[in-house]
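Undergrad: Here are the chains, one letter per residue:
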Amino acid sequence: MSNANAASNKASAATTSQFSDGSPIMEPPLFTKVLVANRGEIAVRIIRGLRDMGIIAVALASEPDRDAEHVRVADEVIFLPGRSSAETYLQGAKIIALAKAAGIQAIHPGYGFLSENADFAQACADANLTFIGPAPSVMREMGDKIRAKALMEKAGVPVVPGWAGEADATIAVVREQANRIGYPLLVKAAAGGGGKGMRLVHVPEELEAAWHAAAREAQSAFGDARVFLERYITRPRHIEFQIFGDHYGQLVHLFERECSIQRRHQKLIEEAPSPALMQNPELRARMGEAALKAAKAMAYTNAGTIEFIVDDAGNFYFLEVNTRLQVEHPITEWTVQQDLVRLQLLIAAGKPLPFTQADLQQHGHAIECRICAEDPAHGFMPATGRLAFYRPPQGPFIRVDSGVREGSEITVHYDPLLAKLIVWGPDRTAALSRMSRALSQFVALGMPFNAPFLKTVIDHPDFQAGNTHTHFLAEHDLPAKAATDPSGQATNTETQALLVGGLSNAITQRKPSTATSQSSQREEAALSPWNTSQTWRAGACR
Amino acid sequence: MPVTHLRCLDASGALPETATPFRLESVLKGDVFKITLPEGTYEGSLTQTEPGTGWLILCQGEVNKIVPFCLLQNGDRLDLWVDGHILALERLSPNARRTGASGSASGTHSGEIKAPLPGMILNVLVKPGDTVEHNTPLVVLESMKMETTLAAPMAATVKTVSASEGQMAEKGMVLIQLTPLQENAPAS
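Residue numbers (the working numbering), protein chains in the order written: chain A, 11 to 552; chain B, 117 to 304.
For the record, the hints were derived by calculation from the structure and aren't laboratory data.
Don't take each hint at face value.
[What the hints assert, rightly or not] Calculated from the model, a selection of chain A residues having no Cβ within reach of chain B, i.e. all distances over 12 Å:
1. R209
2. E384
3. D385
4. P392
5. A393
6. L455
[As the list claims (entries may be wrong)] Below, a list of computed lysine to any residue pairs in the SDA-like style, where the Cα atoms sit at most 20 Å apart:
7. A:K206 - B:T265
8. A:K110 - A:V87
9. A:K206 - B:T247
Glycine included, C-beta positions come from ideal geometry on N, C-alpha and C.
Chain A extracted, bound-state conformation (with noise of 0.2 Å):
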């Protein structure tokens, strides 16, 4: 069935459109088939984005991922032997030989996984695959932090005042340039990423050391010792610029997202528009010029972003730029009306962007939330088991992007992220009230997950009044604030934990004869807590 949509599709897809002259232009036709190199809930969302164009998506699966979610919603898939991402999803060579004997034309990366190797991309090309992302000259160039840096200064996009380093630089070189710059400062990675190889450094005695542990850092986690030094700007905001490229040499971003709220250097809540160029569009202007100068300056093509730091008097900051589909995606296509997988087959394909910066505007407001399996009270270790239940929210404006269902097993294989919970609403407040009353409704059992510590950041007063920084959670002292506080929150989950006292010694006692024999039920009945006089204890280790 898929396959005659497809064919019917690409029949339609070569057809002639006009320009408005009314001579004819033969567009390029679109893919037929296309791999996605990627699983969770990247390979659910790009799959079903995938079919909606009537292309015939293909999943990719490793041995723990043959019943996994993104396989389910496919409509072919390729198996790899293996277990770990090392053995499976990030075999750019195995992936590329099993794609061409499919008979695949294109792969999208996804994020993570092979998505910013540019030595695959190449390799894409070179087997005559469309790699569905920028030039693999863009990504190397740009995931060498030192030269991406060199780049957009020379381009005149505003970067954190500081110093790239030199080969075989003397510790009193390092010194001189650190005096310079001024403390604090960080030492951090070229080809850094994640919080590694980086250090930050409070007063030149720290400096000899933290640059050379850097160093060190880097050299074991990237295989790349070189290091720089960087202005440290605390509290800084972080705000990102989305963009695209066609291979005609247009150029438009689609606004900003605030990414501020993070934990172990990860996202963990993001908003468009961001609550600080809300009160000043005429930065947001000057950000969005600047996103344009530096897509300019690397002649980009496909979906980027640019991130940026903001610090409280308002400068901003080229950051880096992340040369694929971002995990926060979604709060971009809510505002701006885009859907932002469809755009990137477009452009793969050879065709035009459908709109120029003209035409874009943002509406109302989005809010993303990272649903994770993860213990924010321990410190946010993720976890793993099985998900007995899982009941997202529903409701208008609420859409929840799912890598897994009830039923699927979380494994130690792969990142902590269930699913992305994405709201909208005609404006900010409206926008908050939603995402509170969605996560308070988001049930995951089997393991310990973030919702509820993420409703309490959501419904934190300074969050509510959009004063957002890096450091939010640790300045507020979340979670351990809420988990300590003998009032307020939690005086409720007391409450909360004798209601389910009450009702679960209900349920034990209803328990229905159907269905379960006389002695599971006996035995179930002597393994319920709720049918002995024992204590319990909250907060249980994990």
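Assemble the complex: chain A is given as a structure, and chain B must be docked to it using the hints.
TA: Using the frame of chain A, we list chain B on its own:
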């Protein structure tokens, strides 16, 4: 933690005296029970849609309050989701089976630092004989693309270190053994 213990209720609804201001007056064998919360006394009824999930209706005058719930029992653990709140409860009976019980049967806190989830040991930060404070990082574990730091649950001396860097750890594997500096360590 605010909920230090939770006494389970028998059919008579008997609840031992606790410091909490809440009292469940009676639990009837049937649809209706009575519950007293800080804001008042409710009559409750229960709707169970499938095992372990459903909702309570709490009535006070003309007001009918709805409280959805899900509960999942797994051995000595009970996970509850009630109206947007999550509680993890653990059986406290001294005879209770410990999950993943190994041979060690010493005291309330054995001082064993176990891998909370499977993963690779990135760093071992202590050696036998070291004295550690409460919250001193001991081991860094990489799992699910994240680094997890295991810290000392109390002031202690390091007795043994069985973890080595680069090694794969199974869930529940003992990585480090601590000897608490003072007696009377908090139960697990």
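Undergrad: All the hints need checking, so say for each whether the structure fits it.
TA: So, going through the hints one by one against the coordinates:
1. R209: Holds, since 15 Å exceeds 12 Å.
2. E384: 8 Å, violated
3. D385: 9 Å, violated
4. P392: Incorrect as stated: the minimum Cβ-Cβ distance to chain B is 4 Å, not above 12 Å.
5. A393: 7 Å, violated
6. L455: Non-interface label fails for L455 of chain A: nearest chain B Cβ at 5 Å, not farther than 12 Å.
7. A:K206 - B:T265: Cα-Cα ~15 Å, so holds.
8. A:K110 - A:V87: Measuring from Cα to Cα gives roughly 14 Å; hence the hint holds.
9. A:K206 - B:T247: At roughly 28 Å apart (the allowed maximum being 20 Å), T247 of chain B and K206 of chain A break the hint.
The structure does not agree with the numbered hints 2, 3, 4, 5, 6 and 9 stated previously, though it agrees with the rest.
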